Amino acid sequence: MITDTGIVVAFYVIGITTVASALMVAAVRDLIHAVLFLVLSFVGVAGIYVVLSADFVAVAQILIYAGAISVLLVFAVMLTPAGDRRNSETAFRAPAAVLAGLVLAVTVFVIYDTNWRIASHGQFGATAASLGRAFFKPYIVPFEVASVLLVAAMVGAIALTQEEGEDGAA
Amino acid sequence: MPALLTLITHNWYDIRDLSNLSGKIEQLIRDANGPGWLVFVVSALLGAAGIVSFIGVAAIINIWIERRVVGRMQSRLGPNRAGPFGLLQPVADAMKLMQKEVLQPKVADGLVFSLAPIAFTVPGILVMAVLPWGRNMALANVDAGVIFILALTSLGALAVFAGGYGSNNKYALFGAMRVIAMLVTYEIPSVLALLGLVLFSGTMNLSGIVLFQAKYWTPLLLVQPLPFIIYFISSSAELNRTPADLAEAESEIAGGYHVEYSGMKFGLFYAAELINAVSVSAIIATVFLGGWWFYKLDEVVPGWMIFIGKIYAVYFLFVWTRGTLPRFRIDQLLAFAWKWMTPMAFLNLVLVAAEVLIWNETGVSAGLVLPLYAVINTAFAGALIVAWVKVMGPKFSRFPERLRYYSQIDVPSLPAVAPRMDEGAPGLTEGRSA
Amino acid sequence: MPLKSEPVEVNIGPQHPSTHGVFRMVATIDGERITDVRMVVGYLHRSMEKLAEERTYTQNIPFTDRMDYLSAINSNLGYCLAVEKLAGIEVPERATVLRVIFSELQRIASHCMATGAFINDCGAWQTPVMYTFRDREKVLDLIEMTCGARITTNYIRIGGVAFDIPDEFLPALDRLVNDDLPQRFDEYDRLLVGNEIILMRARDVGVVTPELAINASLSGPMLRSAGIAWDLRKADPYCDYDTYAFDIPVGYNGDSYDRMVIRIEEMKQSLRIIRQAVHRLTGGPHKTEVPLALRPPEGEAYARIESPKGELGFYVVSDGGPAPYRWHVRAPSLINLSVLKEMTVGQTIADAIVTLGSIDINVGEVDR
Amino acid sequence: MPHPATVTLAGAVVAERIRGALPGAVREAADGYTVLDPARMYEAMAFIRDDEVLDGKYLVQLCSVDQVTRIDVVYHIASLAQNHIFEVKVPADHEHPEVASVAPLWVGATLQEREAYDLMGVRFAGHPNLTRLFLWDQFPGHPLRKDFLALPGGQKPGLSQFPKQVPGQTGGEFRPRLPGSGE
Amino acid sequence: MPPDLLLAAIRLEHVLVLGALLFSIGILIALSKRNAVGVLMGVELMLNAVNVTLIAFARFVVSPRPLDGQVFAIFVITVAAAEAAVALALAVAVYRHRETVNIDEIDLLRW
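Protein sequences appear in the order of chains A, B, C, D and E. Numbering-wise (my numbering), the first sequence opens with residue 1 and increments by one. Numbering-wise (my numbering), the second sequence opens with residue 1 and increments by one. Numbering-wise (my numbering), the third sequence opens with residue 1 and increments by one. Numbering-wise (my numbering), the fourth sequence opens with residue 1 and increments by one. Numbering-wise (my numbering), the fifth sequence opens with residue 1 and increments by one.
Bear in mind the hints are in silico, worked out from the structure with no lab data behind them. All values derive from a computational prediction rather than experimental measurement. A few of these clues could be false.
Dumping the calculated DMTMM-like pairs for lysine to aspartate or glutamate here, alpha-carbon to alpha-carbon at most 20 Å [claimed, not checked]: (1) 268(C) x 242(C); (2) 341(C) x 204(C); (3) 85(C) x 55(D); (4) 390(B) x 196(C); (5) 137(A) x 68(E); (6) 170(B) x 36(C); (7) 89(D) x 137(D); (8) 106(B) x 30(A).
Chain B side only, calculated, beta carbon under 7 Å to chain A, not exhaustive [as the list claims (entries may be wrong)]: (9) 34; (10) 37; (11) 40; (12) 44; (13) 143; (14) 147; (15) 148; (16) 150; (17) 154; (18) 155; (19) 158; (20) 184; (21) 188.
Quick list of simulated restraints, FRET-style, between CB atoms [as the list claims (entries may be wrong)]: (22) 350(B) x 13(A): 41 to 49 Å; (23) 13(A) x 98(B): 30 to 38 Å; (24) 13(A) x 375(B): 51 to 59 Å; (25) 215(B) x 137(A): 52 to 60 Å; (26) 341(C) x 98(E): 30 to 38 Å; (27) 282(C) x 95(D): 13 to 21 Å; (28) 87(B) x 341(C): 47 to 55 Å; (29) 86(A) x 9(E): 48 to 56 Å; (30) 81(A) x 88(B): 47 to 55 Å; (31) 112(A) x 107(E): 34 to 42 Å.
Glycine residues also receive a C-beta, built at the ideal position from the N, C-alpha and C atoms.
One chain only, chain A, in its complex shape (with noise of 0.2 Å):
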């Protein structure tokens, strides 16, 4: 429970926007809007990671999400034809918001109907330090799993857009 008015407003007013940014990657016409629309909203998570103490996890979000998968999306989207750049629907639209609505009711009355342990720890301090120590002491195997992983992609990410020709030679 945070009461103090300074974060509430911050809270509800970062989450509109996110919102809303949402919505509109949804509704906007352009792909290229589309993507900066996403980028805004990836922001405003990040926003709303700093209201719940997660400053750590928050400088992250900006730096991956903002910085470099928004880079991605450009490209991508860049690399396709300039044809295909509207942002258009296909057939399934309306059964995709019924299905949506129907999600978004049964995850509310689950969210309001159980009753959470709320705990009484207040803000965290800084996490960078205890998020370090926590992925070398308990979460020492995932973190390596994940590297791999991360290597892994982007072999395959070469592998699949490697043309014909190019066979690595400078």
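Since the structure of chain A is already known, use the hints to place chains B, C, D and E on it.
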């Protein structure tokens, strides 16, 4: 300390640390038992006002410094007409840009076209909020400060791309795609270079790094020269400054991403470039040269004055490279980042990790170990660069063969029909590079 | 399956910071690589050859100034040699030596401009241009001292030179040639020739093989960079150039880097020639009397000189009248452009700009 | 070994050399130049370029001269190795000048032939892309021809008092015709 | 619904509702976009929504090691980055073979 000196120190009017002033104001509000959030808002406003005013003045002064210094390098005077020593020239430029009409091409993408310059300026200013200007004068003492800075510089890439893509013009698209490729490539060496420092000083908090340098009396530049070189080159690439100003390469793509901009939008792009340059040199000053600390000087002279002096020292380096070096080609630039800077940064990281491990395990006193590390790191940097040049250096001979001089005409007898170019016509020198 | 990308046509158009004037290159590119180049000229076409048929031989001299406006004196010299050959006019000794001095000064000025503009195309932020322009200004001051004009000098007349040199010319020339310019050219060597980035940007860019150079009738630095030692001042000596001792710098690979280094070396050789020419200045008239409406005998003549851009030739046909019947100029800049396609296709746009800078065209001469 | 100074080969020497290989190719041999027969001009040029003695590998310059009754296409060809130069002329009909193009032999000729076509109207058969070099495509007529901007009486423009205010003078052919209305 | 739903405090439920909202918008985008890159944007949004809920649990819910939520969030971010790289590479590769990124036309397993 003499009586007079104690009078002005540690009181609210002690300008050595402006946080005393803001602390006094907050005290006043609390005494008048104002609402809690008012204090939060007022101190934020105070800090923001200080930074934005510094940036406004710095952008203007930088224009003047850059044009005068580059002018002197080109054996000409530089602006000296408007005002004494041309000081009002940047003001004149700004006014000219303000009253110029802002044109927008009909085919341009309105939303993206007008948002790009704003989005390009914001990261530059935000970085300033994290930097420590005095002993406890950091507006936002973010714990993961170094990662915060890197995240903001990567945001700039999107804004520049939006500008290039929005203006829907071939040259601008060229500039935009080059920027995206270049900034993403140069993010990796800069991350690794700063990581080396974080490893060494143990904290990611910028005030922490400055205090570390103050405690051990050594600016980290001396202890770790290689990360300085790597970070300087990669940040000059991210700032699109010569020798890597490929995004707005005048002689090739005539202005690159801001070719369609005019009036204050172009003014904002131009100012944003300078603001980013100031913020990057501020980062280098903080992390490598020890921000507001300077061997006892910061007790007497206000810390933030030393910090601004260091900012302009580093800024001179940027202006110097801009004034003298020609431009890379895009593929040479990217190859330089991938094949040279990233591997060097990794090797440096390994070495620094080993050094920190030894230092912590053996617990040797800093007085002995830091100069030793300084020598090792400098030797390592030099050896690595020389070895890398030998291994990966350009294939054509280092210094070209001197020209041949004929006193009489001498035309070799050659076949009349010029063999097709692609069959690799046997030129006079067999030593052609691949 | 290669990456799908539609060929895009980019105009390196008439208004472009580095096309040395109104010259347009339409490049079809695939990504950054150029697949096809088509050049469009004619923006500065003033049809001088038609106008020349309306004016007397002496009235045509100002046209030659405005063709290659960076080396006006050399163009004057070429035209006057052609008319003197046609009309059989003898030029006094002092006039010939003055012609040699001034054409070599003009060559230094033109090469300064070419080198500065070339490095500027490589991307240096106008720094080398400022240095080379500072030296060019000194040379232009000397030219202005005698000819009255810096660029369109109109100095060389049929049968000699327009004015004799003022008294303070020789000491100023001596100061410039002996103790000012030599240090400047060594400075260029240190600043430009050894510069790694220029080496990387210009080496193996815009390569011309010797056979193609001859077949495409290239001339000047383009020919010498391909490894062929051919200089008209030695091959077809005019104004007694064969009595002067100087060398021809010749390159190896025929690429843009060699052309830049050759131009810097040629400036040094010009200094050598001027030093020898100053010692030969004798008294006597600086021009012979030529009737204003000169009517050379019917016939034709072709004379050629080594201008900074290459072989500049004048083919003059006379029908006995006061005006030339036909007046054709062999423009080295236009002919050096015939290999533009072979030099730029396959390289990136940035290389094409560097190659164009190294050819050193002058659009006034291309379009005439 | 090249001559110390460029030697201009006499027309007779060149003509005799060409007659040796191609009997009918040379029409006339004046002292300064040689006139080739337009029909067999291409093989003569190929011979000139590949011959050992003439060694015409370097095409110095190419231009066209309007001699009122005919249009001469003048070639200056040189050999850098032996340092000699000689002139070759090819006459063409005045109304519809048509000459074989030498672009396949010398790359340097492409632009010069386009200039001759643009300004004088000489069509070069076999040229890669024979289009106007300087003027825009719909430009009526070819400026360097003597009859261009000719006066109603067909008077040869020269210095003798070029009439300034003749009403029909500027009207004449210079008004750009609609495209497709032919030369 | 408890009265202080929107009043001057942030409770776990508020953040979870926000996460749910983002998740459903992500589903909407992922299922209804015609362009492959659009679908990937939807997926990224869903992953972000999951992260928000994880961080909320870390902040509010009782647990022996409160920071585990944030560690999970970081692992989700790395996985999302890897997934985005491979998915976009896939999209570009498919485009190169089938000339289109339109999902309706990419419906055969082998072509």
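Right, here's what the structure says about each hint:
1. 268(C) x 242(C): holds, 18 Å
2. 341(C) x 204(C): holds, 16 Å
3. 85(C) x 55(D): violated, 26 Å
4. 390(B) x 196(C): Answer holds: residue 390(B) to residue 196(C) is near 14 Å, not above 20 Å.
5. 137(A) x 68(E): holds, 12 Å
6. 170(B) x 36(C): It holds: about 17 Å lies between the C-alpha atoms, which stays within 20 Å.
7. 89(D) x 137(D): With Cα atoms ~28 Å apart, residue 89(D) and residue 137(D) exceed 20 Å; violated.
8. 106(B) x 30(A): Since the Cα atoms of residue 106(B) and residue 30(A) sit roughly 17 Å apart, the hinted pair holds (cutoff 20 Å).
9. 34: violated, 13 Å
10. 37: With a closest approach of 4 Å, the residue 37(B) hint holds.
11. 40: It holds, given that the least Cβ distance between residue 40(B) and chain A is near 5 Å, below 7 Å.
12. 44: Interface hint status for residue 44(B): violated (10 Å vs cutoff 7 Å).
13. 143: holds, 4 Å
14. 147: holds, 5 Å
15. 148: holds, 5 Å
16. 150: Holds - the Cβ of residue 150(B) comes within 7 Å of chain A, reaching about 6 Å at its closest.
17. 154: With a closest approach of 3 Å, the residue 154(B) hint holds.
18. 155: holds, 6 Å
19. 158: holds, 6 Å
20. 184: With a minimum Cβ separation of about 5 Å from chain A (threshold 7 Å), the hint on residue 184(B) holds.
21. 188: This hint is violated: residue 188(B) lies away from chain A, its Cβ roughly 10 Å from the closest one there, beyond 7 Å.
22. 350(B) x 13(A): 41 to 49 Å: Roughly 45 Å apart at Cβ, these two residues keep to the hinted range, so it holds.
23. 13(A) x 98(B): 30 to 38 Å: holds, 31 Å
24. 13(A) x 375(B): 51 to 59 Å: holds, 53 Å
25. 215(B) x 137(A): 52 to 60 Å: violated, 28 Å
26. 341(C) x 98(E): 30 to 38 Å: holds, 36 Å
27. 282(C) x 95(D): 13 to 21 Å: violated, 56 Å
28. 87(B) x 341(C): 47 to 55 Å: holds, 51 Å
29. 86(A) x 9(E): 48 to 56 Å: violated, 44 Å
30. 81(A) x 88(B): 47 to 55 Å: holds, 52 Å
31. 112(A) x 107(E): 34 to 42 Å: holds, 40 Å
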